[in-house]
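Student: Sequences listed follow chains A and B, in order. All letters in the first sequence, in the order written, are residues 1 to 336 by my numbering. All letters in the second sequence, in the order written, are residues 1001 to 1330 by my numbering.
No wet-lab data here; the hints were simulated from the structure. The beta-carbon is built from N, C-alpha and C at its ideal position, and this holds for glycine as well. Please note that a few of the clues may not be correct.
[To be verified] Going by beta-carbon spacing under 7 Å, a handful of chain B positions derived as facing chain A: (1) S1160; (2) T1192; (3) D1199; (4) L1219; (5) G1220; (6) V1243; (7) S1261; (8) A1271; (9) S1275; (10) D1282.
One letter stands for each residue in the lines below.
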Amino acid sequence: MAEALRTEAKKEVLLRVEGLKKYFPIKRGLLQRHVGDVKAVDDVSFNVYRGETLGLVGESGCGKTTTGRTIIRIYEPTAGQVIFKGQDLAKLRPNEMREMRRSMQMIFQDPYASLNPRMSVLNIVGEPLEVYHLANKEERRERVATLLQLVGLNPDFMTRYPHEFSGGQRQRIGLARSLALNPELIICDEPISALDVSIQAQVVNLLEDLQEELGLTYIFIAHDLSMVRHISDRVAVMYLGKIVELTDRDSLYANPLHPYTQALLSAIPVPDPVIEETRQRIILEGDLPSPAHPPKGCNFSTRCPQVRDICEQEEPAFIEVAPGHYCACHFVKPMA
Amino acid sequence: MTSTEHLLEVKHLSTRFYTEDGVVYAVNDISYTLDEGDTLGVVGESGCGKSVHALSIMRLIPTPPGKIVGGEIYFRGRDLLKLSDEGMRKVRGAEIAMIFQDPMTSLNPVKTVGFQIMEALMLHEGMDKARARARTIELLNLVGIPEAAQRVDDYPHQFSGGMRQRAMIAMGLSCNPSLLIADEPTTALDVTIQAQIVDLVKRLQEKLGMAVIWITHDLGVVARLARRVNVMYAGRIIESGPVKEIYGNPHHPYTVGLLGSLPSHGTRAAARLFSIPGEPPDLIGLLPGCAFAPRCHYQVPRCLQETPPLEEISPGHVVACWEKDKVRRV
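Based on the provided sequences and hints, a complete structural model is requested.
Tutor: Printed below as a string of structure tokens:
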């Protein structure tokens, strides 16, 4: 009990996302009339505590990447608040936002597209320092060397260009760049999806080591649920622009409440033929609906194996059904 | 054992690519057999030669720069490598079908899905247009395309990713092949759609009795689907055996490392992941010895000089490693 209270008290909210929406307008015709919206992120709320890793999972088109990008204001939010260290990012002016971005960085999925092929590693990793006028030439070189060492690359490589590195090494370069300004929050957008299995484990271990060493907070966006389970403290599951379930890692995997989470978990093939032989799977019918025309009522109603009338009429509320366990389904009731 | 007992027998197959940067040793002396109705999983990371080996069986290696430099591929007792181009065209699609990773690039965007399936039926089975169309609708139904009779006239872009892959499978099945080679068919798809496709192929296989070679880097899919597994590294098969043997009792350090680098699937959260140090080799120029040796912590001097042969350690389970008796699970 005392233990539980202590950990509760330690939790500092670093980032609070409240009712975040990002709609992309659909425009048609000569006059570019606004005919509808792609509701990429539709009313999403969650907290990120300092020092934790929040996993954001879902299938392609569920809005997980857009959520990450809207938090950091690569996209302007349509509605809602993003409160980082007590300040609402959505209201900041561009130069204030630029200052704020020092504390929040992003690493990307494609280690080939996210590094400028014409820049040396020194310039790629050192660019943030230059942008913020934080170091002279000599200091910059030193800092880049330290950063490369930190991510497990030989500092002698700083004169080389991205094409001379493998995918895993490039992902390390991207990571070194994101660490250049001592950020507090790093949004990792599918950082390992493009890498081979044996290299994925290397990068995940590195992310974990750095978190411990530097006290970083991560939002880890991915579609690979087994890796998310490994790295996250808490996990939010997204479907068609909404969070359907959010809880700590162990309860999510041991006791998934939302029918979509259940189906998603059962769809992951387990690398063990003995388990696979007997495991029952929930096979979902059909495809993801278009976020431009989400279904009426619950977004998952078109594919849900437990669908009833109310699901096609009313949207379920996102409620706390057990301490720290949130779910949006008409048939998941708070536990007394 | 004669070649006619198996549906497919690959013997000492080697494929190389002659590029400006040098010779790429993509597939090096691989041999295995596959029986009627059986399922073989081929696993390995990018560049290990798993796809090139499949394209070699189909004789779809672009020449030049690629060339099958040695070996034999017996299919129902005939050596495919000795067939004329015309003879091979009759095998391809009709007896051996292949489906690819990216269903968008393997379908022609300016022809309807229905037409592309009918084409094969008219060519290989000599059907007229009306019969081919009826059979196409039947096939689309079989692979679970809703409202197949209407969707048959859709273009590929009107299909979702999962539906395109289903259409590809329908095309693959159109002439009742006895072997289906699936090259990472679910890699581009979401997990819930992947589950649909894996399930579909399993059901169709039971119904139609064809053999399947499923190429993937996903060890989970193989565990679900395959009966036997070939693990490939740097163009060679380094371990092969029944699926439960490979997962339960792996004996090549690479297989052990690969399985160890996956997050645990038990209810307990995993500790630190095991990771294989270093990177896969590039295949330009062929070094003597075991290709995995530079990344292997069981390495002994012999590993850098002599390539280990595949040796049987239990019935049907073969491993190519000099130190295989010392290798333990992580």
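Student: Taking the earlier hints as the rules, which of them does this structure contradict?
Tutor: Structure breaks hints 8 and 10.
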